[in-house]
Structure formats: structure tokens, C-alpha cells
Amino acid sequence: MNQDPVDILLVEDNIDDAELTIRELRKHRLANNLVHLKDGEEALTFLFGSGKVGGTLPKLVLLDIQMPKVNGIEVLQQIKSNELTRATPVVILTSSKEDPDIRRCYGLGVNSYIVKPVNFEQFTEAIRNLGLYWLILNQPPT
Amino acid sequence: MGRDIIDFFQKLLDSSDWPPRWHCGKWTDFHGWLYIISDLLVWSAYFSIPLIIIRYISRRQDIRFIRLYFLFAAFILACGATHFLDAIAFWLPVYRLNALTRLITGILSWTTVFYLVKYLPLAFSLKSSKELEIEIEQRKKAEVLSRESERQVQDLFDAAPDAVIVINEEGYVVKWNPKAASLFGWTAEEAVGQPLSGLIIPERYRAAHQHGMVRHARTGRSDILGKALELQACAKDGREMDIALSISPTFTNGTRLFVGFIRDITWQKKSQEEIRKLNTDLEQRVLERLREVSDYKFALDESAIVAITDQKGIITHVNDNFCKISKYSRDELMGQDHRIINSGYHSKTVIRDLWVTIAHGEIWRGELKNRAKDGSYYWVDTTIVPFLNESGKPYQYVAIRADITHRKKVEEEFHKLNEELEDRVDLRTIQLESAKKEMESFAYSVSHDLRAPLRAIVGFTSILEEEYSSKLDDEARRVTSVIKKNTLKMGHLIDDLLAFSRAGKQEIVKTTIDTEKMVREVINELTAGNSTNHIEWVLHPLASAYGDIHTIRQVWVNFISNAIKYSRGQEPARIEIDHFIQDGQLAFCVKDNGVGFNNKYRDKLFRVFQRLHNPEEFEGTGVGLALVEKIISKHGGRVWADGEPGKGAQFCFSLPTGRDGDQYI
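Just so you know, the protein sequences line up as chains Z and D, in that order. Numbered by the numbering used here, the letters in the first sequence go through residues 17 to 158 in order. Numbered by the numbering used here, the letters in the second sequence go through residues 1097 to 1761 in order.
There may be inaccurate statements among the hints.
Said to hold, decoys possible - Straight-line Cα separation of at most 30 angstroms, DSSO-like style, residue types lysine-lysine; simulated pairs:
id : chain 1 : residue 1 : chain 2 : residue 2
1  : D       : K1606     : D       : K1533
2  : Z       : K85       : D       : K1532
3  : Z       : K43       : D       : K1585
4  : Z       : K43       : D       : K1581
5  : D       : K1580     : Z       : K43
6  : D       : K1580     : Z       : K54
7  : D       : K1700     : D       : K1743
8  : Z       : K54       : D       : K1533
9  : D       : K1122     : Z       : K43
10 : Z       : K85       : D       : K1533
As the list claims (entries may be wrong) - The following label-pair restraints were derived from C-beta to C-beta distances:
id : chain 1 : residue 1 : chain 2 : residue 2 : range
11 : D       : S1541     : Z       : N145      : 21 to 29 angstroms
12 : D       : Y1697     : Z       : Q138      : 35 to 43 angstroms
13 : Z       : K85       : D       : S1530     : 24 to 32 angstroms
14 : D       : R1524     : Z       : E141      : 45 to 53 angstroms
15 : Z       : N145      : D       : G1732     : 39 to 47 angstroms
16 : Z       : E141      : D       : R1664     : 26 to 34 angstroms
17 : D       : L1568     : Z       : R45       : 21 to 29 angstroms
18 : D       : R1664     : Z       : Q138      : 24 to 32 angstroms
19 : D       : S1537     : Z       : K85       : 14 to 22 angstroms
20 : Z       : R45       : D       : E1534     : 41 to 49 angstroms
21 : D       : L1568     : Z       : E141      : 20 to 28 angstroms
22 : Z       : N145      : D       : S1530     : 38 to 46 angstroms
23 : Z       : I152      : D       : G1732     : 49 to 57 angstroms
Simulated from the structure, these hints should not be mistaken for lab results. In this text, all values refer to a predicted model and were calculated from it rather than measured experimentally. All residues carry an ideal CB built from backbone N, CA and C; glycine is no exception.
Model the full structure from these sequences, guided by the hints.
Printed below as a string of C-alpha cells:
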């Protein structure tokens, strides 16, 4: 496992979406310390795996909702219900505009909920703003 | 001897043959005189007795046995004469005369004895005077009684309530009582002595009367004596009347008489006739009523199940229908109560309520399930009518029932079917619910899974354009742009489809909508930054509507944007918005002068993905109007459209008014 400090943890099962996302972030030099995991189970192992909790946490978690095995909402729930991980910003990146999902995620304490636009320009803009905001503008607790 | 007899009578008074008695024998004076005086006493006595007898006879007229009296007088006289001759024999001894006298005395004595013997039994039968006195007394009494009874008879005769007429054998009136006088108008003075036939017998009966009288006189037989007869009589004034008559024969002083008792029964006859008529009439009416009642009974027995019970519920009558349906014979039912057909279906409360009702003299109606003898069940519509006595207490109950088993069966089946239907509806609802859920999850996966590949297509095409543009020629760049355009279009399609499916499940919250304000906002929104063509807006005053503010807004957006879109190219484009009342609903219409459409396709307008224009002419996904239709029908309203190619189109929707039942007319 990568022992370097992680800036962004991207949990996305769709490799195309992941590639476009990473590509855009990299364009703005925001993806130097980025870890891409392909489902919720891997994400939970990465965050809460044996003895790792309380170690270096990512500065931002980008979560897709619809994923095999363990979905994004469950991962969000785990992060936000754990004292040590609660402060970590989690942004949901999803194709779904469905009301119940949005409500549920905010109810669980999500920091942002982004619907990925089909339009590429809008999509890249959203990713760019997202990265800049959470990694540069936002001041996490020390 | 003959010489002696002649001598005897010649010397009858000669006393010379014998010395006087004083000188014959030795007589003392005392003895002689005792003898003489005694004889003289006897003689004088014997001579006085006939005098007394003669005197007695001469005084009494009713003397019987008068010969015996004279004979007795002669015999006593003769005896006296012998004693006298005995006495004078002391001086003058006429013994021949003496003997003759004694002979005469003997003959008279024996004659008397003979007569006494002959008449003695007759004499014994003669009553003594005491007896005669008693008899006389009795006779006197009887006479008094007889007179009294005669007077009583007369009183009865006078006071009799019936006319009493006595006639003799010749038919002449002998007696005529006052009632007869008042009845027939003839007084007793006028009637007595007249022939009866001329007084009261009508002309037509006179011959028969005469004939009857003659026959009775000749033969002693009669058809009418002793019988009560009813016939007609006439009065002095000629008036005829009905009479009841009875005639009895009687004998008075050896004369045969006839006593007739006559009563005027004219009134009685008339009454009888009236009573007879009334009776006939009554009988007729009773018969009619009976027939009517029996007709009713027949009709009832034909049509209904009838049972009668006493006040304790014991069956006293059942008709054939009752037996037929219960399958019990009449004998099995009589004397039983209705528990024999109790099905046990009804609660005790129902049965108690029934009894309380009818025991209070009220009619009970209801439907009862009964059990027949063979264990099968039947339903009867039942009416129980209590019959009340004078004190208002039921003395019997008449139960009239109708067989409703079939109806009940149908009802039960209907009920069952209903339940089945409900079950099926429930099942369908559940199925529908699950289908809806599936649909939702389908919509979700559409939005999620279909958009992701699109994004990838657009994304990687964009990368190609941006990062490899130097390596692409013009045609390659055109191709990549076509790929991007179609991919974006598909994105819109998916968005609309999701909006459409969301509209179906969205709850609508109705409030009052300021239509004019909403329409102006929508127009402003849609025309902002679009100055390419000029639109002439005709906005009529619009009524407030009652509906869900978000979805109704979507409807307006759709209608107005369509109007703008399809009137593009008209110079000037003209859009008119109005409202009116239709079928009790508030209708709104958006009318344009655009390309319009052929009305034969208007049914397709509101179906999803149905379009009348190709996308090169007018962009669109074919979802908008389907969404409108869905929203309006959720509101309980209607949508419709009217168009003409090249002339324009009009799209309308109507909404129910605010409060239920308060609709525009």
C-alpha cells in the first residue's frame, strides 16, 4: 500500500469516469497524491484496514454512489460515524439526481453532492472547481 | 066348614056365644084393668102413629117408598084394633070380629115384612141426614167455586190478549171477547148470533170453512182442530190481516161448541219477513266476506309460507308451503315450536329481540336462516304479526315468510366475488406497487448507468478534439462534433424521461395560484436573451387557479415554450393566452399562429416520444406534452389541442375549481 500522504481518495467503479476525473485534476496538478479505488469495500479497507485508522487520512474523499459490493452511501456512513474520520471532507460524485439519495447523503453528513454533467465542459469545470476548493481554499481542522 | 064360615060372618058382631071376659075366669080388678088399660094404651098409641105418618107424608114431597109408609100405617092400625077389641072383650066379647081383625093384621104384617125385605137394601143405601148435610155443604162450596171459576173464565175471556171466539156447530157466534171486538171491529153485540163466516172469514176461505164444519158435524173428524194455523182474516172495514188461529172443540150443556183463539200476526209476519230479508242479506254478506277471506287465504297460501303459533310459540297451523320448504309433515310440526327449524345461525340477541318485539304486540320483520328436516338450510324473509285480544295482549302470532334462499345465495356469491375481487385488486395493487418500484429503480439506473457512458463518449471525444486537433482533418473534426451532438441529445432525452417518470410519483400540493403572475414570469424567463424574433403577446386577464404550484408551472413552461418554438419564423409571431369555463372546470388556452398540426394526429400529441415534426425542423424529445397530460390528469383536469397546418395551434388545459362540489357552471 502507498505510504505517502494521500491528498485525494477517488472511489469510482467506472474507469472512464475515473480517468476523465483524474485527467482533469492532473491538468491542474491536483492529482499528485491521488488514490483510485474501484469499490466501497476497497475504500473501507483503505480507510479502516488493520491498524490503519488514525494514520494519514486523505484530504478529500470523492465517492461514487452506485458501486459493486459496498456502495458509496455505506462508505459515507462509515466515515461520518467514526470519530477519527468524521472530519474528512467527503464529496459525492454521481450521475443520479434522485431526491432520496441526495437527502440521505446530506443526512449522513456529506460535505458536497455533485451530479456529474454529461456535457464535458461542464464536467471538467465542476471537477476543477471541486479540487481547487477542497484542496486549496478549504481549511481543514488541524 | 062352609056353614061355619057363613055362620061366622053372620054372627060377626054377635057376642052372645061367650061371656064377657070379666066373667070368664077369675079376674081381679087390678089384673083386668091392667089388661084393659094396657091394651087401650097400645091401641091409642097404634092409632096415633098412622096419623103422624100421614101427616109426615102429606108434608114431604120427596118421600120415596110411599106404599111402604101406607102399608106400615095400616099394619099399625090393624095391630091397634086387635088391642082395642081385646080391651072391649071384657064387656063385649066379639071374638069373631076379633079373629077377623087379627087375620087382617097378620096379612098386613106379612105384607109389610115382604115389602121391608124388598126395600131394605134400598133403604140402607139412603143417606143419612148428616151425610146429606155434609153433601149439601160441599155442594154449596162447589157451587161457590164453580161461580168463581166461571167468573175467572169470564175474566180470562175478557182480558185475553188474543181474540177468543166461540161458535156453535152451525157456525154461529156464541161468544166474542173484547179483543175480538177490537181486532175485527165488530162489537160482541153485533157479532153474537151471526155466522162467523160472514164476519171475519175472507170470501175465498168461506167454502172451505163451511165444508169443514159440515164434515166435522157428520164424521167428527177435522183437519184443523187442535192445530195452530196461520191464515188470513178480514176485519169489519174489509182490511185483511195475518192471523194465527187454533180451534178446540168443547161441550157445554150437551152442546158442541168450538173455541177459537186468534192472534194478529200481521206485524210479526212483517217482522219475520224483514228479519228473513236481513238474514238473507247478512248471510250473503257473510258469504261474500268468507269468500273474500278464503280468496285472501288462498292467495297467501299460494304465495307465502304461513305459520300460526299460540302466545307461547307452539305451532297451531302451517300451510303447505311451510311443510314443503321445511320438509317436515304437518303432523311433525303441529304442537312444536319454531326451534324445530332453528339453524343456530342467528345470535341469541336477535331471537330475543324478535320475541320482545312481538310480545309487545309489534310487528317484527327480518331475514332468518332456518334448517329443514334433511339438514339443509333455507333463508326466509319473515314478517311476524301478533294478533291481540281485547286487553291488547297477543294471543297468537301469524308468521308470513317468503323464500329468499336463492337471493341470499346470489348475495353470498356476490359477496364472495366481491371479496375475491377485492383480494385481486389488493394483489394487483401490490403488483402495481412493485412494478412502480421496479420502474423507479429502472429510472434510477437509467439516470445513473446510461448517463455514465454518455459522459465518457462526450468526455473522450472532447479530449480528442482538444488534445489531438492538430492530427485531425476537417472531416474528422465534423465527425467528432456529430458524435458529441448526438450524445448530448441523448442526455436531454434521458433527463426528460426522468422528469416524466418523476412527475408520476410526485405528490401534488394544491394551493391557489396567481395565474397571471405565473404566466408573466414564465414568459419573461423563456424570452430572456432571445431577441431573434418578435412575438406579439395577447394576454387576457386570467383567473386564479387551484393546483400544485411547481407542476402547473411546468405545464405553463411547456405550453408557452412550445408556442414560441412552433411560431418561430412567423412575422410577427402571435401568442394569445386566455381562460374560460368548460364543463364546470376552469380552462386555460395558449394559442399561436405557428406551423400548427393536422387534427387527425392530435391524439398522438400527448403520448410520450410521439412527435409531429422532425428534430431538424423543431428540436424536442417528445416528452413535454406527455408530462403535461400526466400533471393535469393528476389534478383531475383535462388537456386537449386543436390545430390546422400552417395556421397555428391551440393547446388547453382545465382544472377543477377550488372546493369540491363548487364548480363553475
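For each hint, the structure was consulted:
1. D:K1606 to D:K1533: 25 angstroms, holds
2. Z:K85 to D:K1532: With Cα atoms ~25 angstroms apart, Z:K85 and D:K1532 stay inside 30 angstroms; holds.
3. Z:K43 to D:K1585: Satisfied, since the Cα-Cα distance of roughly 28 angstroms is no more than 30 angstroms.
4. Z:K43 to D:K1581: 25 angstroms, holds
5. D:K1580 to Z:K43: This hinted pair holds, its Cα atoms lying about 22 angstroms apart.
6. D:K1580 to Z:K54: 27 angstroms, holds
7. D:K1700 to D:K1743: Holds, at roughly 19 angstroms.
8. Z:K54 to D:K1533: Between Z:K54 and D:K1533 the Cα gap is close to 28 angstroms, so the pair holds against 30 angstroms.
9. D:K1122 to Z:K43: 246 angstroms, violated
10. Z:K85 to D:K1533: 22 angstroms, holds
11. D:S1541 to Z:N145: 21 to 29 angstroms: The hinted range 21 to 29 angstroms holds for D:S1541 and Z:N145, with Cβ atoms some 28 angstroms apart.
12. D:Y1697 to Z:Q138: 35 to 43 angstroms: 36 angstroms Cβ-Cβ, so the 35 to 43 angstroms window holds.
13. Z:K85 to D:S1530: 24 to 32 angstroms: 25 angstroms, holds
14. D:R1524 to Z:E141: 45 to 53 angstroms: 48 angstroms, holds
15. Z:N145 to D:G1732: 39 to 47 angstroms: Between Z:N145 and D:G1732, where Cβ atoms are some 45 angstroms apart, the hint holds.
16. Z:E141 to D:R1664: 26 to 34 angstroms: For D:R1664 against Z:E141, whose Cβ atoms are near 31 angstroms apart, the range 26 to 34 angstroms holds.
17. D:L1568 to Z:R45: 21 to 29 angstroms: 27 angstroms, holds
18. D:R1664 to Z:Q138: 24 to 32 angstroms: 26 angstroms, holds
19. D:S1537 to Z:K85: 14 to 22 angstroms: 18 angstroms, holds
20. Z:R45 to D:E1534: 41 to 49 angstroms: Since Z:R45 and D:E1534 have Cβ atoms about 45 angstroms apart, the given range 41 to 49 angstroms holds.
21. D:L1568 to Z:E141: 20 to 28 angstroms: 24 angstroms, holds
22. Z:N145 to D:S1530: 38 to 46 angstroms: Since the Cβ atoms of Z:N145 and D:S1530 sit about 41 angstroms apart, the hinted range of 38 to 46 angstroms holds.
23. Z:I152 to D:G1732: 49 to 57 angstroms: 54 angstroms, holds
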